Amino acid sequence: MKNDLLRGLESASSNAAAATIVDSAVRASKGTVRPGYVRPIDFKHGRVDMTHGSGGRATAQLVDELFLSAFDNVWLRAQNDSARIVAPHGRMVIATDSHVISPLFFPGGDIGCLSVHGTINDVAMAGAKPLYLAATFVLEEGFPLADLRRIVYSMADAARAAGVPIVTGDTKVVEQGKGDGVFITTTGIGVVPDGVDIAGDRARPGDAILVSGTLGDHGVAIMSLRENLSFETTIESDTAALHELVATMVSAVPGIHCLRDPTRGGLATTLNEIATQSRCGMVIREAALPVKPQVRAACEFLGLDPLYVANEGKLCAIVPAGDATRVLGAMRAHPLGSDAAIIGEVIDDPHHFVQMETSFGGRRNVDWLTGEQLPRIC
Amino acid sequence: MKYIDEFRDGNLARRIAAAIGREADPKRRYHLMEFCGGHTHAISRYGIKDLLPPNVEMIHGPGCPVCVLPIGRIDNAIELAARPNLTLATYADTMRVPASKGLSLMKAKARGADIRMVYSSADALRLARELPQREVVFFAIGFETTTPPTAVAILEAAASGLENFSVFCNHVLTPAAIANILESPEVREFGSLPLDGFIGPAHVSTVIGTQPYEYFAEEYERPVVIAGFEPLDVMQAILMLVRQLNERRAEVENEFTRAVTREGNVKAKSLVAEVFELRSSFEWRGLGEVPYSALRIKDEYRAYDAEARYGITYRSVADNKACECGAILRGVKKPTDCKVFGTVCTPENPIGSCMVSSEGACAAHYTYGRFKDVRVVATTA
Numbered sequence: 000m001k002n003d004l005l006r007g008l009e010s011a012s013s014n015a016a017a018a019t020i021v022d023s024a025v026r027a028s029k030g031t032v033r034p035g036y037v038r039p040i041d042f043k044h045g046r047v048d049m050t051h052g053s054g055g056r057a058t059a060q061l062v063d064e065l066f067l068s069a070f071d072n073v074w075l076r077a078q079n080d081s082a083r084i085v086a087p088h089g090r091m092v093i094a095t096d097s098h099v100i101s102p103l104f105f106p107g108g109d110i111g112c113l114s115v116h117g118t119i120n121d122v123a124m125a126g127a128k129p130l131y132l133a134a135t136f137v138l139e140e141g142f143p144l145a146d147l148r149r150i151v152y153s154m155a156d157a158a159r160a161a162g163v164p165i166v167t168g169d170t171k172v173v174e175q176g177k178g179d180g181v182f183i184t185t186t187g188i189g190v191v192p193d194g195v196d197i198a199g200d201r202a203r204p205g206d207a208i209l210v211s212g213t214l215g216d217h218g219v220a221i222m223s224l225r226e227n228l229s230f231e232t233t234i235e236s237d238t239a240a241l242h243e244l245v246a247t248m249v250s251a252v253p254g255i256h257c258l259r260d261p262t263r264g265g266l267a268t269t270l271n272e273i274a275t276q277s278r279c280g281m282v283i284r285e286a287a288l289p290v291k292p293q294v295r296a297a298c299e300f301l302g303l304d305p306l307y308v309a310n311e312g313k314l315c316a317i318v319p320a321g322d323a324t325r326v327l328g329a330m331r332a333h334p335l336g337s338d339a340a341i342i343g344e345v346i347d348d349p350h351h352f353v354q355m356e357t358s359f360g361g362r363r364n365v366d367w368l369t370g371e372q373l374p375r376i377c
Numbered sequence: 000m001k002y003i004d005e006f007r008d009g010n011l012a013r014r015i016a017a018a019i020g021r022e023a024d025p026k027r028r029y030h031l032m033e034f035c036g037g038h039t040h041a042i043s044r045y046g047i048k049d050l051l052p053p054n055v056e057m058i059h060g061p062g063c064p065v066c067v068l069p070i071g072r073i074d075n076a077i078e079l080a081a082r083p084n085l086t087l088a089t090y091a092d093t094m095r096v097p098a099s100k101g102l103s104l105m106k107a108k109a110r111g112a113d114i115r116m117v118y119s120s121a122d123a124l125r126l127a128r129e130l131p132q133r134e135v136v137f138f139a140i141g142f143e144t145t146t147p148p149t150a151v152a153i154l155e156a157a158a159s160g161l162e163n164f165s166v167f168c169n170h171v172l173t174p175a176a177i178a179n180i181l182e183s184p185e186v187r188e189f190g191s192l193p194l195d196g197f198i199g200p201a202h203v204s205t206v207i208g209t210q211p212y213e214y215f216a217e218e219y220e221r222p223v224v225i226a227g228f229e230p231l232d233v234m235q236a237i238l239m240l241v242r243q244l245n246e247r248r249a250e251v252e253n254e255f256t257r258a259v260t261r262e263g264n265v266k267a268k269s270l271v272a273e274v275f276e277l278r279s280s281f282e283w284r285g286l287g288e289v290p291y292s293a294l295r296i297k298d299e300y301r302a303y304d305a306e307a308r309y310g311i312t313y314r315s316v317a318d319n320k321a322c323e324c325g326a327i328l329r330g331v332k333k334p335t336d337c338k339v340f341g342t343v344c345t346p347e348n349p350i351g352s353c354m355v356s357s358e359g360a361c362a363a364h365y366t367y368g369r370f371k372d373v374r375v376v377a378t379t380a
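If you're matching them up, the sequences are chains A and B in order.
Read in numbering that gives the first Met the number 0, the first sequence has 65 at position 66, and its numbers run on one by one without any break.
Read in numbering that gives the first Met the number 0, the second sequence has 222 at position 223, and its numbers run on one by one without any break.
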């Protein structure tokens, strides 16, 4: 608290110093300041205040100097309340995702790139090619503008790398104490190629279950930073956009039945969701699950199960048994799927249980996550 | 993972399972109680029952600190948390235990009570230092394993003159609970609960040693094997109990020689003795009032005793009528014998405490073993 207060006072005094410099510059130039000059936002020491969300000049300036300049594209430059896009042919998908992660910056990423990846992945899990994103920011009064800029540029980089522009957005500011720095909601739209029909209710007995890589990296990276846990680890979040991996998989096998990214609640939750939707059961093999040794170790001493720990750059695929090797080959050929593995099978089961053959030799349920394993993970 | 994988080796497990199968006398049954919820969890999670012959039966005991906490004690904790200017620091497990009036600590938190989840008594102490303007109470629960750290927290608070810290003490004792089960009418008179031997918790014995169990082995003629929590530890302990019963021995044996001695941790025991003394009686869920089964803070450290400091009065509250937690904790019934198991009572909406903690018999069976009740046969290749 005290440090925050001090920092606030320091930044206020540096604003005052900056104002004095400007004043003297104005005096020295004897009124020759360029007409229409607007003093730029102080992204070094400045903080979000209520005017940034008022819809007035300060909001416009923030949009112009930060969002527009970072996300820069033809739709944003048009400066309309909405983005006008050409409707593609075929079936479209739309997905939305809010991000409230704490801490905002973590090994391997931050809330900015996470908010881009999260929604791109939700669109991609329908087998769709993501086309456009919209972004909404809820900022807390007092949030450092330097952090905001870092987050926004991280989003811009992620969107650019993924080839999915952020075409419209909104910013609101809430009073201090009523938010937690920044919350970001992103919405994405995409188009599904003809002949692709991927949905959570399409798993069939006999299908193979695959995952694209190691489980639990994101959750463990976040946990290592939590104030009441803090432990040292070399694990980084796996946050990544998976649409290109999906595109390779779909072009190898258009008949993939289900795709889903196991985020909150981990793989266990994803498998239970699909089993319920598809009215089937599943059996997975513990020995086949890819888990990094560091993640296993962290889970061991925290008493967690990697099956329930969040991922942000992994997917689970359910494919007809005959296509499993081909999909696996396509996944492994992509950098984001190099650790892909076949982990189990879909079975007929009126109770929709997900079971696991333990490495120990027994068998058990892999149930839905109960309660909250770790709040605000994404 | 080194030092972990060795104790979860499937091949070794099959070898021990084969030995149990070979040595268990087919003409008799073996009723073995794993006292501790940690063992219950390991048995369910690794599917150990699948590896045992049908005449070796595991009975879940009451050794789950969250499960045995009576409703009245949770009510007390909620009353404390509802006080203005008070912060309650608690282990996460207790958050969802149902209390009176449909409340739980989780629900009290949602209604504005300042309740923080901590991983240790040291975290609670740190919280008190970080919040000097608030009163911080540590909701201390657990068997002999969590007692020494609570003692250390109280001693540290006393040494540093930390005035805004106190402890709501609910520490209970393992041997007293086992004695209570062996004295119960189901075991002694009716014989409706056959108990041939016990698996004792290794973490408790790292503190108290194996010596306190010698009395049961002798007095009640029941063998005890102190075992670790890895699945191979449990398998090995089962084999050792089968051998003792076959040879008509009733001894205390130590499977967990890698950390447990007869005397235990003398330093930890002396810390506990410095701060705590026996309560003449304490209510356990399932067992009722059990004499000399729990600890209270000594008068010398009264300043750190939340019960004295805030004038807490205990009121016993009966369990929900439909809930069989009591009988399940005594080993008399199985989770599936309870009418509300898996229907009204689930981990999301627990009616009884056995469904709350992952160490509770009901939660362990619901989470890991439910599919066995309906005989789903997997058709894997």
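Rather than coming from a laboratory, the hints here were simulated on the basis of the structure.
Be careful, since some hints might not be right.
Dumping the calculated DSS-like pairs for lysine-lysine here, alpha-carbon to alpha-carbon at most 25 angstroms [to be verified]:
{"hint": "1", "chain 1": "B", "residue 1": "Lys371", "chain 2": "B", "residue 2": "Lys332"}
{"hint": "2", "chain 1": "A", "residue 1": "Lys177", "chain 2": "B", "residue 2": "Lys108"}
{"hint": "3", "chain 1": "B", "residue 1": "Lys1", "chain 2": "A", "residue 2": "Lys291"}
{"hint": "4", "chain 1": "B", "residue 1": "Lys332", "chain 2": "B", "residue 2": "Lys320"}
{"hint": "5", "chain 1": "B", "residue 1": "Lys297", "chain 2": "B", "residue 2": "Lys338"}
{"hint": "6", "chain 1": "B", "residue 1": "Lys48", "chain 2": "B", "residue 2": "Lys332"}
{"hint": "7", "chain 1": "A", "residue 1": "Lys177", "chain 2": "B", "residue 2": "Lys106"}
{"hint": "8", "chain 1": "B", "residue 1": "Lys338", "chain 2": "B", "residue 2": "Lys48"}
{"hint": "9", "chain 1": "A", "residue 1": "Lys171", "chain 2": "A", "residue 2": "Lys43"}
Nothing here was measured: the structure is a model prediction, and the numbers come from that model.
Now the hints, each set against the structure:
| no. | hint | result |
| --- | --- | --- |
| 1 | B/Lys371 <-> B/Lys332 | 17 angstroms, holds |
| 2 | A/Lys177 <-> B/Lys108 | 18 angstroms, holds |
| 3 | B/Lys1 <-> A/Lys291 | 14 angstroms, holds |
| 4 | B/Lys332 <-> B/Lys320 | 15 angstroms, holds |
| 5 | B/Lys297 <-> B/Lys338 | 43 angstroms, violated |
| 6 | B/Lys48 <-> B/Lys332 | 17 angstroms, holds |
| 7 | A/Lys177 <-> B/Lys106 | 21 angstroms, holds |
| 8 | B/Lys338 <-> B/Lys48 | 23 angstroms, holds |
| 9 | A/Lys171 <-> A/Lys43 | 21 angstroms, holds |
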